[in-house]
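Number of protein chains: 2
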Amino acid sequence: MADTSRRDFLATSAIASAGLLTGDVLAKPATGNHTMPKLLHHVFFWLKNPESIADREQLIAGVRSLAAIDTVRSIHVGVPASTEKREVVDNSYHVSELLGFDDVAGQDAYQVHPLHKKFVEEHQHLWSKVVVYDALEVK
Amino acid sequence: MADTSRRDFLATSAIASAGLLTGDVLAKPATGNHTMPKLLHHVFFWLKNPESIADREQLIAGVRSLAAIDTVRSIHVGVPASTEKREVVDNSYHVSELLGFDDVAGQDAYQVHPLHKKFVEEHQHLWSKVVVYDALEVK
Numbered sequence: 059m060a061d062t063s064r065r066d067f068l069a070t071s072a073i074a075s076a077g078l079l080t081g082d083v084l085a086k087p088a089t090g091n092h093t094m095p096k097l098l099h100h101v102f103f104w105l106k107n108p109e110s111i112a113d114r115e116q117l118i119a120g121v122r123s124l125a126a127i128d129t130v131r132s133i134h135v136g137v138p139a140s141t142e143k144r145e146v147v148d149n150s151y152h153v154s155e156l157l158g159f160d161d162v163a164g165q166d167a168y169q170v171h172p173l174h175k176k177f178v179e180e181h182q183h184l185w186s187k188v189v190v191y192d193a194l195e196v197k
Numbered sequence: 059m060a061d062t063s064r065r066d067f068l069a070t071s072a073i074a075s076a077g078l079l080t081g082d083v084l085a086k087p088a089t090g091n092h093t094m095p096k097l098l099h100h101v102f103f104w105l106k107n108p109e110s111i112a113d114r115e116q117l118i119a120g121v122r123s124l125a126a127i128d129t130v131r132s133i134h135v136g137v138p139a140s141t142e143k144r145e146v147v148d149n150s151y152h153v154s155e156l157l158g159f160d161d162v163a164g165q166d167a168y169q170v171h172p173l174h175k176k177f178v179e180e181h182q183h184l185w186s187k188v189v190v191y192d193a194l195e196v197k
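Protein chains in written order, with the working numbering: chain A, 59 to 197; chain B, 59 to 197.
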């Protein structure tokens, strides 16, 4: 781990721990070392041809390529989990992409980055619907 | 950092790096040290009274208390980010909660945990709508 990265990691951990003290219980920090970036960009894709494994794999490979964009701090590529079926759970999507950024500027830079534009151009024929949620960490 | 936690962190980093090699470009790992848990549980809340700062703060404090549940590996509490307004972006929600788990079993245990039940009982009067997405990392 590079020195600067380690400092960032420790600083983020400290902020996260401090934040937990403001809850209505004195919460322990969540276990594990998965610190979260401040800005989350969560995208859900519905495929035009959900039965096509090839289409799904092509989209997943495309999403993975987005990790190379320099302002992207974390990536999680997912599919609906087989958790309990409940009315509030939307498991109708086919592929999800969670990207983490340091701030809004990082996400703005990502939107216009050539690799992101290339991803959209080459993969948009695969999906019928996209829903995006951008969430900024509450201090 | 406890030895076991550090081992988990390093193991997860190694898995994440390996996964990135399967993309259509040889992507560098995302910069920073925000490794992602395997199972993401992302919840979006719409408040009954969006103008009430007190209601919002009460919900946020309640969400933070969920970090004390032992299977929760990470937490991000957010509000809509002021990113570019686009048709596909849903910024109509008021509070978001992203919890990370090791696996589906961890999320199942969380659902029936007394602290989670207490949170729902004490805060459900605040929201008018909830949408949940559970996403399992693609290998």
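Check each hint, because a few of them may be wrong.
For chains that are exact copies, the list does not tell them apart, and a pair is met inside one copy or across any two.
Listed below are the simulated DSSO-like cross-link pairs for lysine-lysine, each with C-alpha atoms no more than 30 Å apart in a straight line [said to hold, decoys possible]: (1) Lys176 <-> Lys197; (2) Lys176 <-> Lys106; (3) Lys187 <-> Lys143.
Honestly, the hints are just simulated from the structure, not real lab data.
Each hint tested on the structure:
no., hint, in the structure
1, Lys176 <-> Lys197, "between (35 Å within a copy, 24 Å between copies)"
2, Lys176 <-> Lys106, "within (19 Å within a copy, 41 Å between copies)"
3, Lys187 <-> Lys143, "both (22 Å within a copy, 17 Å between copies)"
Figure legend: structure checked against the earlier numbered hints; every hint is met.
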